[in-house]
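Protein chains in written order, with my numbering: chain A, 28 to 141; chain B, 119 to 556; chain C, 107 to 507; chain D, 213 to 430.
Simulated from the structure, these hints should not be mistaken for lab results. Nothing here was measured: the structure is a model prediction, and the numbers come from that model. Each hint can be trusted.
Dumping the calculated DSS-like pairs for lysine-lysine here, alpha-carbon to alpha-carbon at most 25 Å: (1) C:K168 - C:K437; (2) B:K162 - C:K255; (3) B:K162 - B:K191; (4) C:K427 - C:K437; (5) C:K316 - B:K455; (6) C:K432 - C:K172.
Covered stretches of chain D (chain A as the covering partner; in silico rule of three or more C-beta atoms under 8 Å from a C-beta of chain A): (7) 224 to 232; (8) 268 to 276.
Don't be surprised by glycine CBs; every beta carbon is placed ideally from N, CA and C.
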Amino acid sequence: MSIFTEPVGLSHFLVVGAVLFVCGVICMATKRNVLGVLMGIELVLNGANLNFVAFGSSVLRPPGTEGIGMDGQMIALFVIVLAAAEAAVALAIALSYYHAHATVDVDRGDELRG
Amino acid sequence: MAELLISISTPDWLAHTIAALVQCGLLLAIALCSAAVGIWLERKVSARIQDRLGPTRVGGRFGWLQPPADGLKLICKEDIIPTAADHILFRIAPYICFCATFCVFLALPFANGWVAVELNAGAFFLLAVAGLEIFGVILGGYASGSKWSLYGAMREAAQVVSYEIPLGLCVVVVVILTGTMNLVEIGNQQAGWFFNWHIFHDPFTFVVFWVYVTCAVASSNRAPFDLPEAESELVAGFLTEYSGFRWVFFFMGEYASMFVVSGLGALLFLGGWNGPIPIASLLGLTPDDGDVFGWIGNLLGMCNFIAKAFAGMTFMIWLRWTLPRLRIDQVITTCLKYCVPIVSAMLAGVMLWSFFLPGGLIAALTRPASFPRSAWERTDSKPDSFPRSAWERTDSTLRVDGMRDNGRVQEEAWRRSLPAVRSHAERGNEGDFQEESR
Amino acid sequence: MQAERAQSDTVEFDVRTDEMLINMGPQHPSTHGVLRVVLRTDGEVVSEVTPHIGYLHRSAEKIAEKLTVRQYLPYTDRLDYLAAMNMNLGWALTVEKLLGQRVSEKTRHLRVIVAELNRIASHLVAAGCFGLDLGSFTPFMWTFREREKIVDLFEEICGARLTYSYLLPGGVTAGPPDGWFGRCEAFLDQFDPVIDELHALLTSNAIFIKRTADIGVLPPEMAIDYGCTGPVLRASGVDWDLRRDGEPICTEMYDGYTWQVIAPTGGRYPDDHPYPPVPPEAVVGDSWHRFYVRMLEVVQSMYLVRQGIEKYSAADGELDKPIKIKEKLPKGEAYLETEAPKGQMGFMIVGDGSAVPWRVRIRSSSFCNISALPEICRGVLIADMSAILASLDIVLGEIDR
Amino acid sequence: MDTINWHSCFFLLLAAIACGFAVAVVVVGDIVRMACCLVVSLAAVAGLFFLAGAEFLGAAQLMVYVGGTMVLLIFGVMLTARGPLVSMKIGGGQWVLALVIGVALFAVLLQAATSTSAWNGPKANDQAAVPAAAKQDDGAAAEQDAAGQLGLGLLGVREDRLHRQDKPVLLGGMSGYLLAFEIISVHLVVVLVGAAYLARARRRIRNPESRAPNPESP
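When you get a sec, could you build the whole thing from the sequences and use the hints?
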């Protein structure tokens, strides 16, 4: 019953997704750099994405059972696209934040004026 | 191969590992050889352009062994890491660059079925992985701790990210024509005479090919788009602080990626392994005629493909030694003001063309009367003018012609989903679909 | 337009980032030697340019105060080492002006021939390096191939390939060997079509035009203010050439020769020629015109060489012998500017009655030309920097002296 | 000894890379090294997508995320990382807090992931010996043209659901993603314009006559 001989299942993917998600959350919590926070968000989204793909995959389930099929990949695709868009906006915000505050430390930006 | 090893009582895991390593080694050899031949070609072609002889002595008359000699010299050089550099990133950057290029070879088919990993999304995968090369360049440029290197890295980022858009659109054009992203199928659909090549499919694809050439040159950082290492402006750009072995890796990565973009161009537009004349099928060297003959035919096809890729490389070398370098704003302008709009317009054009004249230009010219069924008639009534094998194989996966295939899949899907989406269809789409599919 | 640019005190940017100070040189491929230019950049845009010179300073003027004028001649070779003949000529003419000597007809024509041949060689280097600095290596090889033939010719007459020390005050070291003029003409004949190739490779190349047209525009007033001379001045539309407009000792050398001064006065070049026309993007005084003026001057120099060969064989008399090594200089001073390939090269000699000059001063054309660099480089991109620098065609040996 | 399941081996390898570099992203202080680790982690996730049979998605992940997003990130890093800003430390208390929350969250997720037995995957004897091979022959039928199915799905046709005509509920609401596709397209355009607008610095025009130095400069 070694992991090297047993096929992987959905749970394995979910665990990896969980690790990514948690790393992302910790990253968001502990980084003061705007870009660090952004990277945490990317990790979280990827953890979620991995779950979607795993749920939608047919190779990871016992034969005969059915997952969410194409929907998993579809949603993951949307997440990827939206994450790219989000990164672009976040980067633009980071840039203009930098111009305004001359730093990328999120703790300095505690006033809402631009 | 793994089976062979198992049969001589090698443990299962060892057999598979050895087989995998051998295949990796084979691919690596191809990548390195393409880089080495590219370097030799660069030396000889540039020499001819400049009224010189180039290498003449190392390894015989034509300086065949010059690339290994170069490599040996560079490996013997002192490995310098600047004090201001970020040591770890500086060290790994060249390997990232080379590995990304090497991974592309995984999905690059050399002949019908001769590909390490046949992916359904092969064309997309190829673009995606080739795009990773910039990551190594950016890291190298940043980690060098030199302003010139940083400039090179920033230019690379701006340039390559911009050029991925038109490059991707060029590939999409071909994907629309073929209805698949599987590179082997894309190659097989161009089997036969040269007018089956996608470049001659219609006037739009002809234009798209040249846009592809521009973007391919730009995305592999070759002159006149070699801004990241512009030696007269940025000393050597991202390569400024590199020397010896690491520099070799960047260099090999560059030449291997030249081979890749040329090969991809050949696959997408120039028939891949299908020569201008279908020699293999005329001589009876298709897989149908037996394994051995099929193998020989594939070998011919591979030679054909490699010849095309090197022709592409020669073209890039020729460009490099003829044209001055563009400026960064002009590079971006070329991309965003010319390449993207042109290829977008051509995309629309190709869509319309393959909607109305699915058979391509030659079919449209030779059989204007049979419109719009020309594609069907051509394949059904005159199968002999095309290699049978290709058609039959693609037929089995419902892929003969892009439009026909797409139409059929959509039609079937639509038919089967009618009860569910009836209400949707009644809003006006149904009529269109039925008309076009009949 | 460029002037406007220079006058506006702020440079605007879409995405503003940190400013960066960058040392371009002294070890940089496109600073033509050991020039160091400090760039203040914002992204790719250069907001301030400061040239720092002196890395090749060899006390050329001071050395002249320790040697006799003939002994000093080899040092002039090292000023503009790409046009050593013209440096020799400038020194020789200045010494002759101080001594009040005149040379024979044959010597005069021989001087015209070698000086103009060297002008061709110098302009070829300028054109090739221009291509090189724009990232095109091939023109460099092609121009050097042609220059090599000129250098071969020079080697035949004086034995040296770079530092000739041939045109001495009072005469030349030795007459040309047998058949030398024939080989000169043979060179010119085969060189004629090569010029077309160079034009095809650069002048009319779309990328070349995009990279150089309207880049580094030097208005005529500014050119005059900064003391720019030579092709740089003429490309700004100022019709000024010391071979025609200089002191008598210069212009007399070219008596009887027909040729044209290449300058786009009023935006037009003087003559119909078979070479590519001025592209609509080009502005008088920009980098493209500086390149073009040199390319057209090459043709004029070819005319001059051909005429010189004719006149030399027709001339009577002998070649002059140079002055003695320890020729005494009269009390007094002489200053003379001659038209060297890169601009006006001026030598000033103050004699105190001995054989060694009391003071020598050298006015270098590249020095004045590069002083305009900060003005014309404001607000350009980094890539334009090397284009502008190449179009100024500087030689550090002459700037630093 | 059982036959080695290569699919599982590759999964382990990629999962280790993905998780390891994700942890590295958290631990490493230097922003550029963080970005580097993140890229490796994301690339490994793309590999996991391949293993799960989502080839198109894996390529999309490589292209959009690793290629595009990371370059954007690095761009930002380079524009903003200067001197002391490169690493900004936070206090130990915050670290502890974050770790506690993180571990708790992980425990919950782990429990959720492993609790359902159906999720534990196919057993070795369920399928032909190697699922990677199985994927190639019969599982492949469904995965054969994932990109095509995705595309049709975006156009409102769910090819993979066509055989479920017995359950109209499944088909009714979930027939396709045409509307989502359209919304996202518009969203992307808005984002493009918005990002371009945000990134522009406010213009300080002292001399109204002066113009931008190079209208074409990026």
